[in-house]
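Protein chains: 2
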Amino acid sequence: MAYDGVETPHGKVDRMLGGAATYIGLAASYFTSVKIVAVVGDDFADADAELLASKGIDLEGLERVPGQTFFWQGKYSADMNDRETLRTDLNVFAGFQPKLPESYRSAPYLMLGNIQPALQRAVRGQMNGVCLAGGDTMNYWIRDYRAELLETLRGWDFLLINDSEVRMLSAEQNLRRAAAKVMDMGPRTLVVKRGEYGAILFCRDCHFIAPGYLLEDVFDPTGAGDCFAGGFIGYLARQRAGAGIEDLRRAVIYGSVMGSFCCEKFGVDRFRTLTMDEVEDRYREFKACTDF
Amino acid sequence: MAYDGVETPHGKVDRMLGGAATYIGLAASYFTSVKIVAVVGDDFADADAELLASKGIDLEGLERVPGQTFFWQGKYSADMNDRETLRTDLNVFAGFQPKLPESYRSAPYLMLGNIQPALQRAVRGQMNGVCLAGGDTMNYWIRDYRAELLETLRGWDFLLINDSEVRMLSAEQNLRRAAAKVMDMGPRTLVVKRGEYGAILFCRDCHFIAPGYLLEDVFDPTGAGDCFAGGFIGYLARQRAGAGIEDLRRAVIYGSVMGSFCCEKFGVDRFRTLTMDEVEDRYREFKACTDF
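So the sequences go chain by chain: A and B. The opening position of the first sequence corresponds to residue 1 in the numbering used here, with each subsequent residue numbered one higher. The opening position of the second sequence corresponds to residue 1001 in the numbering used here, with each subsequent residue numbered one higher.
What the hints contain is simulated information worked out from the structure, not anything from laboratory work. There could be a bad hint or two in this list.
Lysine-lysine pairs mimicking DSS-like chemistry, simulated, CA-CA at most 30 Å apart [unchecked claim]: (1) K181/A x K1035/B; (2) K1181/B x K287/A; (3) K1181/B x K181/A; (4) K1099/B x K1035/B; (5) K1287/B x K287/A; (6) K1055/B x K1265/B; (7) K1012/B x K1055/B; (8) K181/A x K1055/B; (9) K1035/B x K1265/B; (10) K265/A x K287/A; (11) K181/A x K1099/B; (12) K55/A x K287/A; (13) K55/A x K99/A; (14) K1181/B x K265/A; (15) K1075/B x K1287/B; (16) K12/A x K181/A; (17) K1181/B x K75/A; (18) K99/A x K35/A; (19) K12/A x K1181/B.
Which bits of chain A does chain B cover? Going by a derived footprint, with three or more residues having C-beta under 8 Å, they are [as the list claims (entries may be wrong)]: (20) 29-35; (21) 84-98.
Virtual Cβ for every residue (Gly too), placed ideally from N, Cα, C.
Construct the entire structure; sequences and hints are all you get.
Next comes the structure, spelled out in structure tokens:
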């Protein structure tokens, strides 16, 4: 969990609630009960904890320690397909050793946000029994922590990363072959995020291509990829009987839907008012715009 | 019609049949009868004319004049999303004034390849009575021949261009608003091509988003956009009763299918062996990979 400073062509916010756990949790909370593990400093605002709690998110695993919360500042390009990081202060995140409360350990789904692969693996190891586990990673871990990441990936059922990361991880330019190589590393389900162009779901012997939802206005893309992940895993978690391929396809669309809402306002603001009826309306609109 | 020299990461061909009319005509010929208007020099090979004729393409409007055929040479980047033009020799194309044979003038559909907007308008003016007309253009005409292009667009029913061209033509970054502005210029149907990411069909009060077909191997993207256009207009022409919105959606998918085949071999080579059964198989595969 983090505070972010963000500038886009539509405006500038110096400090607002952010972080992968925040976005994933908020998006997933529309579909299932969510328990967050994260660390914040003593500057963390009650109002921000209250927003999460108001969505029914369990904060027992939210550690509060002396110091400042992780801070990230960035500026988006005119077309918002690129961003420049202006500042990253790890603060209390630097010493973070995630510990799962006892009540979290039997959850059936585990979604690991983008942090050091060894920490992700340690969290996975704290889970009792069988759960469907997976997560996100990024270019930094792929390049500089490769062995550690590969060991972590062996224990994952699913992986959600973007197209350039799939190519980097596999050292293969063609996306279909790149996906096959990555699935050989462990995850039997791979979701390749392509930003405004949608996502591709790869399973062992099939794939599903979803275009991106076409937004009238993109105010701030921060967190959209995490909201995609939250919608994806949240929808899967709602399918109690175990998810089949049809559920996985719908999970990708719900992921796109949650990512699209995220972009409509700065930071998490859209989730303050977003209703499940709006989510279902957009899902139906998505279907109407892509059916042939 | 042209000869092209092309280099991609998969190989290099010094001289092969190319040009918008060639690709559009070949792709459309799988759906409808095609009549080509174009100019070539006295270097134009009989074998190339025979390939077109073998697909039932009418070449009465193919003008042969003394001199060399238009020549283009380019080199693609490693990921094939970019290309550099190494050479453009207009040759006999420089003085081209397209003239429709009498037998062409009552055709119900007219697809204008990317040439000077005034020439496109002159061809449109040679058609008798009502036909569904439209075509392609490019950044050069948008930037340097804007008034001429706008006059041409007023007479078009449909326009097929890529996303950066839509943004340039409308001076609007957001694609939905950009599309609305372009449709105000004349064409009531706009197809925005997005390369490997698919295409979006815009009509007055709805849109349809199609992802790109995921190819195992892209050998040479040259002509893929023109094959998209050929598949699109060819499929529409096959619907004798006048195309509705459902037909337009399917036309976009057939466009993507024809564009995807084009990339599988160098130049027009894939069309030497491509069968309608393969086209229909890929259409069904497209549906299976995108349905939810």
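Here's how the hints hold up against the structure:
| no. | hint | verdict |
| --- | --- | --- |
| 1 | K181/A x K1035/B | 46 Å, violated |
| 2 | K1181/B x K287/A | 25 Å, holds |
| 3 | K1181/B x K181/A | 44 Å, violated |
| 4 | K1099/B x K1035/B | 12 Å, holds |
| 5 | K1287/B x K287/A | 13 Å, holds |
| 6 | K1055/B x K1265/B | 18 Å, holds |
| 7 | K1012/B x K1055/B | 26 Å, holds |
| 8 | K181/A x K1055/B | 40 Å, violated |
| 9 | K1035/B x K1265/B | 25 Å, holds |
| 10 | K265/A x K287/A | 23 Å, holds |
| 11 | K181/A x K1099/B | 54 Å, violated |
| 12 | K55/A x K287/A | 27 Å, holds |
| 13 | K55/A x K99/A | 22 Å, holds |
| 14 | K1181/B x K265/A | 24 Å, holds |
| 15 | K1075/B x K1287/B | 33 Å, violated |
| 16 | K12/A x K181/A | 41 Å, violated |
| 17 | K1181/B x K75/A | 29 Å, holds |
| 18 | K99/A x K35/A | 12 Å, holds |
| 19 | K12/A x K1181/B | 28 Å, holds |
| 20 | 29-35 | violated (count 0) |
| 21 | 84-98 | violated (count 0) |
In summary, the numbered hints that this structure violates are 1, 3, 8, 11, 15, 16, 20 and 21.
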